[in-house]
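Protein chains: 2
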Amino acid sequence: MVRRHQAGFPPADATGMHMADQAGLRVQFLFDFGSPNAYLAAKIIPDVEKRTGVSVEYVPVLLGGIYKLTGNSSPADYLKGIRNKREYMEVETGRFIRRHGITSFRKNPFFPVNTLQLMRGAIAAQAEGLFWPYFHAVYRHMWEEPKKMDDPAVMMAALASSGIDAERIVAKAQDPAIKSRLMQLTEDAVARGAFGSPTFFVNDEMFFGKDQLRDVEEEILAQGRERGAKRAGAAS
Amino acid sequence: MVRRHQAGFPPADATGMHMADQAGLRVQFLFDFGSPNAYLAAKIIPDVEKRTGVSVEYVPVLLGGIYKLTGNSSPADYLKGIRNKREYMEVETGRFIRRHGITSFRKNPFFPVNTLQLMRGAIAAQAEGLFWPYFHAVYRHMWEEPKKMDDPAVMMAALASSGIDAERIVAKAQDPAIKSRLMQLTEDAVARGAFGSPTFFVNDEMFFGKDQLRDVEEEILAQGRERGAKRAGAAS
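Taken in order, these protein sequences are the chains called X and B.
When the letters of the first sequence are read in order and numbered with our numbering, they come out as residues -7 to 228.
When the letters of the second sequence are read in order and numbered with our numbering, they come out as residues -7 to 228.
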């Protein structure tokens, strides 16, 4: 199932949510808009989908919630005061950007941005069938033309400038069901093994970090082969 | 330059030290016997050498010294109390072992083992032209038939059982020049950007972690092509 792609991001279907495909393969990308590494990984997902034929499910989570539940913290925090390690992370990120020819990425000078409203907005946008326009718009204003997106006025103006009905999404985001859904997805992620961002699942096999997208792809192909072999066996 | 290989480890030349090859490419593996991830990486290096034609230089460093100089610590320490993250490291290690078909690895129940004497011994073994037998023997008794190798009596007996002239190496390891060489290599590593183990350099490009051996290999091939193109240009 190869689909049309746009500007390095996935195609604009309604929700970003998919169930397992016909082969029984469920591939999930757990993201928080505040994570630059999740942004960079997201740029590559359409290529992985194209090469493997899978459709990746986008799962909003609250990274701050994951950190609180696991006792983990952001690299910016836990690498503070450690010589060379943070500099090396920058080198790795530069290599990833060059390898994949990513030209859109800009550091956000307001990092870290509190993403609670943005992530509730992602769930709301899924519920309203507006996920992809919202997803593209938020990433644009976070990591391409970076703004202080935890300032409500800045956020509303930015979304409006991208043609998003921000009032509608913000209103929906106040729905208790939306709020609790974000918490539930975050708790589920930790229960399944997550501790940071970006996190991928290929069925129950977890992968952490943008550099493991190659492993994600290998796992998709391996699990696909395995299931294919089982089906062939069952049919014979 | 493809060379004979033995049991997943590099061939038995005298020292493990090489200068840049004809193409001007210097590939270095900085290791401490105490690091299981360095052991696992070392098992794969011969394959990388075979595929790329380079000869990797083995550089003994003291991981404890690197941690002291950088303020870094071992994953066993810095992941303490963080949910999921350490478990994931185990998953990753299991994947690496399966991917590369490594059957020899056993966890060392005495981990962490103080490796000061063993690493001085590595420098001494290089000086005495006994590097490879010593290297294979120490790794065997650290990560294949694991022992408490920071107990001097255990170490001497283990090395002797592998046919190593342990007395000669231990005596040489007391030489102040050997001791200061290990410190110098460790300080140089940190000055060049190292913070943990295993660390690789392809000329001055640093790579950290066994999972980046793929990137090391790509970098070797890329730098080799670049230099080849320059030589072709200079000759024309």
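FYI, nobody ran anything at the bench for these hints, they're computed from the structure.
Computed from a predicted model, the values in this text were never measured in an experiment.
Check the hints yourself; a few may be wrong.
As the list makes no split between identical chains, a pair holds if one copy fits it or if it spans any two.
Each computed DSSO-like pair below joins lysine-lysine, with the alpha-carbon atoms no more than 27 Å apart [to be verified]:
#1 60 <-> 77
#2 140 <-> 222
#3 99 <-> 164
#4 72 <-> 60
#5 77 <-> 164
(request) Hints the structure violates: just list their numbers, smallest first. (result) 2, 3, 5
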